[in-house]
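Given the coordinates of chain H, work out where chain W should sit on it, guided by the hints.
As you go down the protein sequences, you meet chains H and W in turn.
Residue numbering for the first sequence is 370 to 643, as defined by the numbering used here.
Residue numbering for the second sequence is 370 to 643, as defined by the numbering used here.
A portion of the hints provided could be inaccurate.
Covered by chain H, according to a simulated footprint, are these stretches of chain W (three or more residues, beta-carbon under 8 Å) [said to hold, decoys possible]:
{"#": "1", "segment": "475 to 488"}
{"#": "2", "segment": "511 to 522"}
{"#": "3", "segment": "552 to 565"}
{"#": "4", "segment": "588 to 597"}
Since the hints were made in silico from the structure, they are not lab data.
Backbone N, C-alpha and C define an ideal beta-carbon position, used for all residues, glycine too.
Protein chains: 2
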Amino acid sequence: MIGLDKLSLNQVTVGNLTAAEAITLCAQHEISAIGLWRDRVAADGLAATAKAARSAGVHVSSLCRGGFFTHADPAAREAALDDNRAAIAEAAELEADALVLVCGGLVPGSRDLALARRMITDAISELVPCAQRAGVRLGIEPLHPMFCADRCVISSLGEAIDLALQFPADAVGIVVDTYHVWWDARLAAEIARAHGRIVSYQLCDWVLPLPEDVLLGRGHLGDGCIDFRLITDLVLATGYDGYAEVEILNRTVWDAAADVTALTVKSRFAGLLG
Amino acid sequence: MIGLDKLSLNQVTVGNLTAAEAITLCAQHEISAIGLWRDRVAADGLAATAKAARSAGVHVSSLCRGGFFTHADPAAREAALDDNRAAIAEAAELEADALVLVCGGLVPGSRDLALARRMITDAISELVPCAQRAGVRLGIEPLHPMFCADRCVISSLGEAIDLALQFPADAVGIVVDTYHVWWDARLAAEIARAHGRIVSYQLCDWVLPLPEDVLLGRGHLGDGCIDFRLITDLVLATGYDGYAEVEILNRTVWDAAADVTALTVKSRFAGLLG
Numbered sequence: 370m371i372g373l374d375k376l377s378l379n380q381v382t383v384g385n386l387t388a389a390e391a392i393t394l395c396a397q398h399e400i401s402a403i404g405l406w407r408d409r410v411a412a413d414g415l416a417a418t419a420k421a422a423r424s425a426g427v428h429v430s431s432l433c434r435g436g437f438f439t440h441a442d443p444a445a446r447e448a449a450l451d452d453n454r455a456a457i458a459e460a461a462e463l464e465a466d467a468l469v470l471v472c473g474g475l476v477p478g479s480r481d482l483a484l485a486r487r488m489i490t491d492a493i494s495e496l497v498p499c500a501q502r503a504g505v506r507l508g509i510e511p512l513h514p515m516f517c518a519d520r521c522v523i524s525s526l527g528e529a530i531d532l533a534l535q536f537p538a539d540a541v542g543i544v545v546d547t548y549h550v551w552w553d554a555r556l557a558a559e560i561a562r563a564h565g566r567i568v569s570y571q572l573c574d575w576v577l578p579l580p581e582d583v584l585l586g587r588g589h590l591g592d593g594c595i596d597f598r599l600i601t602d603l604v605l606a607t608g609y610d611g612y613a614e615v616e617i618l619n620r621t622v623w624d625a626a627a628d629v630t631a632l633t634v635k636s637r638f639a640g641l642l643g
Numbered sequence: 370m371i372g373l374d375k376l377s378l379n380q381v382t383v384g385n386l387t388a389a390e391a392i393t394l395c396a397q398h399e400i401s402a403i404g405l406w407r408d409r410v411a412a413d414g415l416a417a418t419a420k421a422a423r424s425a426g427v428h429v430s431s432l433c434r435g436g437f438f439t440h441a442d443p444a445a446r447e448a449a450l451d452d453n454r455a456a457i458a459e460a461a462e463l464e465a466d467a468l469v470l471v472c473g474g475l476v477p478g479s480r481d482l483a484l485a486r487r488m489i490t491d492a493i494s495e496l497v498p499c500a501q502r503a504g505v506r507l508g509i510e511p512l513h514p515m516f517c518a519d520r521c522v523i524s525s526l527g528e529a530i531d532l533a534l535q536f537p538a539d540a541v542g543i544v545v546d547t548y549h550v551w552w553d554a555r556l557a558a559e560i561a562r563a564h565g566r567i568v569s570y571q572l573c574d575w576v577l578p579l580p581e582d583v584l585l586g587r588g589h590l591g592d593g594c595i596d597f598r599l600i601t602d603l604v605l606a607t608g609y610d611g612y613a614e615v616e617i618l619n620r621t622v623w624d625a626a627a628d629v630t631a632l633t634v635k636s637r638f639a640g641l642l643g
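Excised from the complex, chain H in its bound form (with noise of 0.2 Å):
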């Protein structure tokens, strides 16, 4: 079980929004915290949403993302530690909980999965002395495997844990999400392994059938498949007392009303989690 106190809304389920517009919305539902995107957060301004987050008592749970570190060319590379570091202060200035990191897929014209994995072991290392100085945790967010290709290599949450282990706690841990990770046997253990690492948890559920764009096929709790209070309770297990934000990417969630989607949001969430 989990309390309401501890819902945070991430800003993608209300994608119409600006990040000024989505703080103020959290605000009027009595949702304590937000996750932010970076894209939307520099519409905005970064020091705009920093005080309109303050001003309006609402804590950023977590910022999206950094990572897409896997390029054949090293001067990408480069440029994408620098954009990480960019994120890693913009994650400071919002003082949100956690940068959360999208690793990247296979290096583009490669099939070699082991080399993508040493490009991002690398990119980490390269960035946690800047995430250390800035007061900022670095999230590996393991993705579903379905993703592996394309957009990040680390597939299982065992994989994060292990590659989050390499580095000091307090720069690196790991992100569970219920849509990537729900359907791990191992999901138990691992979540019980990764005790002082979990940096941010986030929740949507498994909708069938996958849409044409398999980004974009998650529904709000409950109208899929995911059991929400177990994963929840092995989640709570580990000591874990962040936030619990609701991340739904899907086109319909979008085109409702962003009143009607905070409702359901905390709906859902109490009705399930409380």
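Same frame as chain H, but now just chain W:
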């Protein structure tokens, strides 16, 4: 490296052909084995298909499929067992190397993965004596996690091996299908652990973007991002000396002339694995 003498063509790759036509195609193209599907075998008649394969000198490397064990209604579970016993008898008459099991998704109306997995274990327990009497090996096929909810809750090779190891090796093994397992960071270790348990090895490529029906997103070897030589070497290193079966579900491949498909399958196989 694996020779063309170990190539098998799964009949679904030439999905417009009858079983008899697919057997003839294999013989004409000097492909020495075929993977058959039960519905097509039934359409031609079991005895006629078995005879056709023997006459043509084409070995049956697999029969697809048994499984779908996960039902809320006990009568439906019993009916599934009966159907699987029939499938075992068919595999025996065809002298197939393995009966492929697609074990089933979540129990309808349930979000309980553990329940579905227990039902699968129970069902295989029931089938083992029947398989042993018939001299048929059951092959537990882990399916890609994107099929976990609706087709198979066994989503990783490790889980399939853990399950198979509960039963005698002459009755239960696992199927390695590149499409379903290529993304797994534990792949090398798990394949090594499958020593003596691999009863079928299937190949097709992971091609992006995924089509609207994600069942059909598979491609000819070389058209996607899977490193077939790496995985094949791992499989062979376990002592596996069975066939390597090319199984492609893809509308464009189905629309091609069967002779062209057979030639493409052979040339890609030889080029990538020879």
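Within 8 Å of chain H's CB atoms, at least three CB atoms from the segment 588 to 597 of chain W: coverage verdict: With 4 residues in contact (Cβ-Cβ under 8 Å with chain H), the coverage given for the segment 588 to 597 of chain W holds.
Coverage claim, chain H over the segment 475 to 488 of chain W, checked by counting residues with Cβ within 8 Å (three needed): Answer holds; 5 residues pass the 8 Å Cβ test.
Verdict on chain H covering the segment 511 to 522 of chain W, where coverage means 3 or more residues with a C-beta closer than 8 Å: Holds: 7 residues of the segment 511 to 522 of chain W have a Cβ under 8 Å from chain H.
Three-residue Cβ test at 8 Å for the coverage of the segment 552 to 565 of chain W by chain H: Since 4 is at least three, the answer is holds.
Every hint from the earlier list agrees with this structure, and none is contradicted.
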